[in-house]
Amino acid sequence: MKVRVVALVLVLLAACGGDSTDAPTPSAQTVTLPDNQQTLTVATPGDVYITRDRIFLGIWPDNAGVCETLVGLSPEFQPTPVLAERWTYRGDNTFRFELRRGVRFHNGAPLNAEAVRYSLNRVVEKRQTLNTFLGPDSTKVVDEFTVEITPTQTNLRLPEQISHPFFSIVATGTDPADRPVCTGPFTFGSYSPNDRLVVNRNDAYWGEDKAKLRQMTFRFIPDQNTRRLALESGEVDLIWFLAPQQAADVKSRPGLQVAPAPPGAVVDISLNLHGEGQHTLLQDIDVRRALSLSLDGRQLADQQWQGNAQVVAGVSPPAVLGTAAGTVRPHLTDVGQARRILESKGWREGSDGIREKDGRKLSLVGTAQFDFEPESLQFLQAQAKRVGIDLRMQKAPDAAAYSATINSGEWDVDVNYYNQNDANPARIPSQFWYSKVNNARVRLTNPGPRFDALVDEALAAPDLLTAQRKAAEAINVLVNDEAAAIALTNFPQIYAHKTTVAGFQPHPSVNHQPWTGVYRTGSA
Amino acid sequence: MRRYAVRRMASVVLALLGVSVLTFALGVLAPGEPAEVVLSRSLGQPPSDEQLEEMRRELGTDRPLVVQYFSWLGGAVRGDFGDSWLRGVRVQDALAERAPRTAALALAGAGLSLVIGIPIGVLAATRRNSVLDHVSRVGALFGASLPSFFIAYVLIYVFAVRFRALPVFGFGSAAHLVLPAVTLALGPAAVLARLTRSAVLEILGEDYVRTARAKGARARAVLFHHALRNALIPVVTVAGLSVGHLLGGSLIVEWVFAWPGMGDLAVSAIHDRDYPLVQGFVLFAAAVYLVVNLLVDLSYARLDPRVRVEGRRA
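In order, the protein sequence lines correspond to chains A and B.
Taking my numbering as reference, the numbering of the first sequence is continuous, increasing by one, and the terminal residue is 550.
Taking my numbering as reference, the numbering of the second sequence is continuous, increasing by one, and the terminal residue is 336.
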């Protein structure tokens, strides 16, 4: 609501004045600015580097292009060679990575196997291994440019997983908490907590894709309206993230444009399958199916998010499943069918439009991650009500309150979005529904042994194609066969920038945003 | 006077103790587990049960609540407020880094509110029912009732986006201070303007003011020497109380203007369930508030000799 009020005020205020952005006039010829003007100021949502260990300064979650991983993540979510030229599975849960030669860190030291061992051991020491099962003895130096990695448990998704920025390679003996010394197209400049991060072009970058920008400054602005106003004032050149409701207005401003990222996070609605007390209604698969059929992703994308989201099939971004994405059955909306299912199971509509059975109302408690707009949640409520389901959505005020609700089990429906930040096709299913992940959420959401077995197969498949196929099958079991989760659209992640910023291509994973192709233009 | 001051100082200490208990209790009652927040922020995914157990041990949140509180209190008495759970830095260091920025903002806001509020109140009183009086009344109504985030956005839009006269966000120069300080000042200025107006009007109706006028004192002298000085006592009280508003208001203003002060730190700490930091901030803010109000009370004697006389009689 606050966003709406502010947006309305801004529109009204804007109507009182003329254009003030620094776009080149239409008649002027647009040219690339000289090198000394190739600077970019990016506004991000707050300082995300402040944590106990601060081991990911400039690396994660906002990637400033300072560091690189052995394996990269393409915009199609496929693993690509970066610091490792190639990798092979050697059997016995071991992968061999052959390093690129001639690469130097920002301090001049050469990239070698020892640096890889140092970097990955540091991740282990800091307990940031995600689900790779890396241990202190996992990484072995074979020769100067070859390492072998053996996770402590069977994990054949390792090459895809280590495309995550956590597994960035830093120079031996350096501490990225103070100053990341890596191999990326930008070098670390300075960091002022809660204020800014500055990175400079690495003129000695090993790759052909050298940065065009001389310097980038990331400014930390937690308030999304302020970020937008900073863009309109010209103080910053590019912002993330813009509320979908503001996108059309920003797009209409001369000199500004919006850039929605391709699907990198899907709006996944988890259902509580193993609840107790008041939260047992969704143990009935027919109720789950009816709820799923009542929700319309197309309307959510078009009406609520004003066309800034796409309908997707499955709980993961389709691209990560490769060719297997086509095998994931799309979500169906059929209000009539939902009504018929509930009717046939004895759920009768009451005078208030909510169904009842044996004196029990079809009322569900919904919780949601804090960054969903209340309007989106009201929209889902209204859709469920069309079939007689009373869905009471409550947005958590912050991440801690949200986690507390989830862990308490006092919910039926959970609306969230999960980012796909690596190339592992089974990442999202295995993280949020797989019984071998031991946490309170999964104990309530796991759809059963058939799903688990398929995730097991995806994680143990030696080749990526098989893993993608098995992950797609697991998603079909989760979403379609068991109706244990509802996937509607991607979560809109929208950038906005001046039209004088060229070459910006939003990556579906914000953790992998490339900056080398970006440059500044102006009037001739 | 000295006994009075000592008594008040003792009540300040007691109040701070009460505040620390309340803050601790609120922290315990608030939903959300600190260990989970710390892990989720650093892992980027929900932690496992084992990871949670380990982090609880590390943070000390697995100990009984009473032990946790007295352990914290023991440290606080010695000037050690512990480490921030999320940031890993010492709480006093984090507060010391941010306090000057918030102090600059609060002082600028307080100064502006006095500079705006008192003259407008005096003018409105001396020109009662004039256009100026009506305009000030409407202005005060808006200033007092509009939420500070709304005022902030309008000011940013007009002065930073439209006229490009001032920066939208950040800190580091006097120009960066202007919009946040004005935002912070408008609410208290509105209250001060209304209060000054009614206090001055009341004093202007007193017998001694009429006597001074009858004896031929000039209007300006009557206003400044007789009326305003006496009218200032309630105004100073409210100005003292408005320190609370300025500290509380800075939470929102610092967030909107990306001003990395204590308010911004406190908001993040509350969201992150970083209780050592929240405790440190609340205790610091309460101490400032109580000390300022103590100073306000002590200033009465300076402003009004009758207070000193009454004090001696007592």
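None of these hints come from the bench; they were simulated from the model.
Any given hint might turn out to be false.
[What the hints assert, rightly or not] Partial list, computed: chain B residues near chain A (C-beta under 10 Å):
(1) 61
(2) 68
(3) 79
(4) 109
(5) 112
(6) 133
(7) 170
(8) 174
(9) 224
(10) 277
(11) 322
The beta-carbon is built from N, C-alpha and C at its ideal position, and this holds for glycine as well.
Is the shortest C-beta separation between residue 277/B and chain A less than 10 Å? Holds: closest Cβ of chain A sits about 6 Å from residue 277/B, inside 10 Å.
Can you verify the interface hint for residue 109/B: is its Cβ closer than 10 Å to any Cβ in chain A? holds, 5 Å
With 10 Å as the cut and Cβ atoms as the points, is residue 112/B at the interface with chain A? violated, 13 Å
Evaluation of the interface hint that places residue 61/B against chain A, nearest CB under 10 Å: holds, 9 Å
So, as I understand it, the hint says residue 322/B touches chain A; can you test that by seeing if any CB pair is closer than 10 Å? violated, 40 Å
Does residue 224/B hold up as a contact with chain A if the rule is Cβ-Cβ below 10 Å? violated, 38 Å
Taking the least C-beta to C-beta distance, is residue 133/B closer than 10 Å to chain A? violated, 24 Å
Can the hint on residue 68/B be confirmed by a CB-to-CB distance to chain A that is less than 10 Å? Hint on residue 68/B: holds, closest Cβ of chain A at ~5 Å, below 10 Å.
Next item in the hint list is residue 174/B. Is there a CB on chain A closer than 10 Å to its CB? holds, 8 Å
Verify the interface restraint on residue 170/B: the C-beta must sit less than 10 Å from at least one C-beta of chain A. Not OK, violated: residue 170/B not within 10 Å of chain A, min 12 Å.
Hint validation: residue 79/B versus chain A, beta carbon distance must be below 10 Å. Holds or violated? violated, 14 Å
Checked against the numbered hints given earlier, this structure breaks hints 3, 5, 6, 7, 9 and 11; the rest are met.
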